[in-house]
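J.: Sequence:
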Amino acid sequence: MQLIPLLIILPLGAAFFISLAGKNRDKLCDIFSIVITFSLFALSLFFVFNAKNSATPLIYKVGGWGLPGGIILVLDGLSVFMLAVINFIAFIINIFSIDYMKKFTDKYKFYTLFMLMLGGMNGVVITGDIFNLFVFYEVASIASYALVAFGTEKEELEASMKYTVMGVVGSLFILLGIAFLYAYTSTLNMAEIASLLAQNGINSAAIFVSVLFLVGFGIKSAIVPFHAWLPDAHPAAPAPISAMLSGIFIKSLGVYTLCRIFYNVFGASSTLTHLFMFLGALSIIVGGVLALGQSDIKRLLGYSSISQVGYMILGFGIGSPLAIAGALLHLVNHSVFKSLLFLNAGSLEYATGTRNLEQLGGLRTKMPVTSATSLAASMSISGIPPFAGFFSKLLIIAACIKSGYIGYGIIAIIGAIFTISYILKFQKYTFFGQLKEMNKNIREVPILMRIPMIILALICVFGALLILPKAADTFLRPAEESLSKGTTYADLASQVSYEK
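Count the sequence shown with the working numbering and you get residues 17 to 516, in order.
In short, the hints are calculated from the structure, not lab data. Backbone N, C-alpha and C fix where the C-beta goes; we use that ideal spot for every residue, glycine too. Check before you lean on any hint, since a few could be wrong.
Said to hold, decoys possible - Pair by pair, the computed Cβ-Cβ distance ranges are:
| hint | residue 1 | residue 2 | range |
| --- | --- | --- | --- |
| 1 | VAL227 | MET454 | 15 to 25 angstroms |
| 2 | LYS486 | LEU44 | 37 to 47 angstroms |
| 3 | LEU451 | MET17 | 53 to 63 angstroms |
| 4 | LYS501 | ILE422 | 25 to 35 angstroms |
| 5 | ILE400 | GLY309 | 41 to 51 angstroms |
| 6 | GLY309 | PRO462 | 26 to 36 angstroms |
| 7 | GLY449 | GLY309 | 17 to 27 angstroms |
| 8 | GLY309 | ALA388 | 19 to 29 angstroms |
Claimed, not checked - No farther apart than 25 angstroms at their CA atoms in a straight line, the calculated lysine to any residue pairs in the SDA-like style are these:
| hint | residue 1 | residue 2 |
| --- | --- | --- |
| 9 | LYS501 | THR72 |
| 10 | LYS382 | LYS441 |
| 11 | LYS456 | PHE406 |
| 12 | LYS382 | VAL477 |
| 13 | LYS444 | PHE406 |
| 14 | LYS501 | LEU288 |
| 15 | LYS125 | GLY29 |
| 16 | LYS382 | ASN372 |
| 17 | LYS119 | PRO462 |
| 18 | LYS43 | LYS118 |
| 19 | LYS452 | SER437 |
| 20 | LYS118 | ARG459 |
| 21 | LYS456 | GLY377 |
| 22 | LYS170 | LEU204 |
| 23 | LYS170 | GLY309 |
| 24 | LYS444 | VAL305 |
| 25 | LYS119 | ARG466 |
| 26 | LYS125 | VAL181 |
Construct all of the structure, not just a fragment, from the sequences and the given hints.
T.: Below you can see the structure in the form of structure tokens.
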């Protein structure tokens, strides 16, 4: 338990160190950031196996203080699941950034913001205090606003401004919800709030707070109709940040917080689950349709992220163990294949200077690694067997049918058809057809950009092994049980001493 704070201390300390010592020392920044992100990933894996062998969640009392005044950090099945995903993708993206970010000045500032963003994400996942969840969320969000504008061109600054405005609006809804919730419960500890709501029932005040949280976190996770900021932010950001935003930021933070609050704190009511299913289905269709009309690769992938978030929200809305397991598996798969697709887009832009589909074509022979890895990611996101994405979508569709929601199952299938359509468009216009004259002298990207793409492509191929019993018992089932058991999260309050 004494190691839990390192998940926050390491990245925040690294951000402080790099900001002071990193100027004109790019190699030092590269090495130091790789060491930190790998250490965080290794620590996350350590917690995965410890949480599996622990009968109760691991709790760290900050400063040794228990409730009601103390702040606690909590590691349960859902927390360690999210930590493993976040820190693995961050490590992979960090490797890719070593060569990719050379084309930008002040590389140390990128690493400083990257570490702040990572520290904020880890903090959101492990905190047991709803106000500190908001604080860590803002740390990660503010760093992401700056990273979207990192190129400082007109497009980046405009997209960052739109992202910032929408993010601040979402934050205000969340902060207002926390204020009302504190006025009603007189505590900020999420386990205590869950316990009090379970005893007193959900009244009009709790319903009002639920609406505020749904809007606030809906904006953060880019669920339709709160998605307007995402298609601009993703194309403008550097490729590693696009991968972070789409692969883990909106999924790991937006979707995680929605599930944590509405399943573990408020409890998933019938009205809420039906609303989740409706918003999920709406996001699947709207995101898929809008992606079809895009010619900018990263904008296409941005709308695709909206559609794929819809599958997760639909699965969590159904709420059965099968549906939750499918949604969690899709979260992992999406973190892998969407991060890979954005890294592919970054490689294409790095080599050709454009991400416009109309200016590409025939790159399969010139960029074989980028082509092969993007094909693996494309097959996975399209749900083609035996790639990993097939199994997560299959579980969600099967859960729809098993729970009697045939209509939602059909919508999920239609969404998969849209996915295949825009992914085929991406593949055709990028890697097939005739090579443009201006691209005849391009070469494959450097090896440190190829290695992360190859690793993620292999996971797209073999990620389905996560559904095997032993892997599922270690990784998926503890996270699924944390959500399906609902407000048993409230039991944590009784495990924390009220004395120092």
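J.: Now look at each hint and say whether the structure bears it out.
T.: Checked hints:
no. : hint                                 : result
1   : VAL227 to MET454: 15 to 25 angstroms : 52 angstroms, violated
2   : LYS486 to LEU44: 37 to 47 angstroms  : 41 angstroms, holds
3   : LEU451 to MET17: 53 to 63 angstroms  : 57 angstroms, holds
4   : LYS501 to ILE422: 25 to 35 angstroms : 27 angstroms, holds
5   : ILE400 to GLY309: 41 to 51 angstroms : 23 angstroms, violated
6   : GLY309 to PRO462: 26 to 36 angstroms : 33 angstroms, holds
7   : GLY449 to GLY309: 17 to 27 angstroms : 20 angstroms, holds
8   : GLY309 to ALA388: 19 to 29 angstroms : 27 angstroms, holds
9   : LYS501 to THR72                      : 13 angstroms, holds
10  : LYS382 to LYS441                     : 19 angstroms, holds
11  : LYS456 to PHE406                     : 36 angstroms, violated
12  : LYS382 to VAL477                     : 23 angstroms, holds
13  : LYS444 to PHE406                     : 21 angstroms, holds
14  : LYS501 to LEU288                     : 16 angstroms, holds
15  : LYS125 to GLY29                      : 14 angstroms, holds
16  : LYS382 to ASN372                     : 17 angstroms, holds
17  : LYS119 to PRO462                     : 13 angstroms, holds
18  : LYS43 to LYS118                      : 11 angstroms, holds
19  : LYS452 to SER437                     : 23 angstroms, holds
20  : LYS118 to ARG459                     : 17 angstroms, holds
21  : LYS456 to GLY377                     : 11 angstroms, holds
22  : LYS170 to LEU204                     : 41 angstroms, violated
23  : LYS170 to GLY309                     : 24 angstroms, holds
24  : LYS444 to VAL305                     : 18 angstroms, holds
25  : LYS119 to ARG466                     : 17 angstroms, holds
26  : LYS125 to VAL181                     : 23 angstroms, holds
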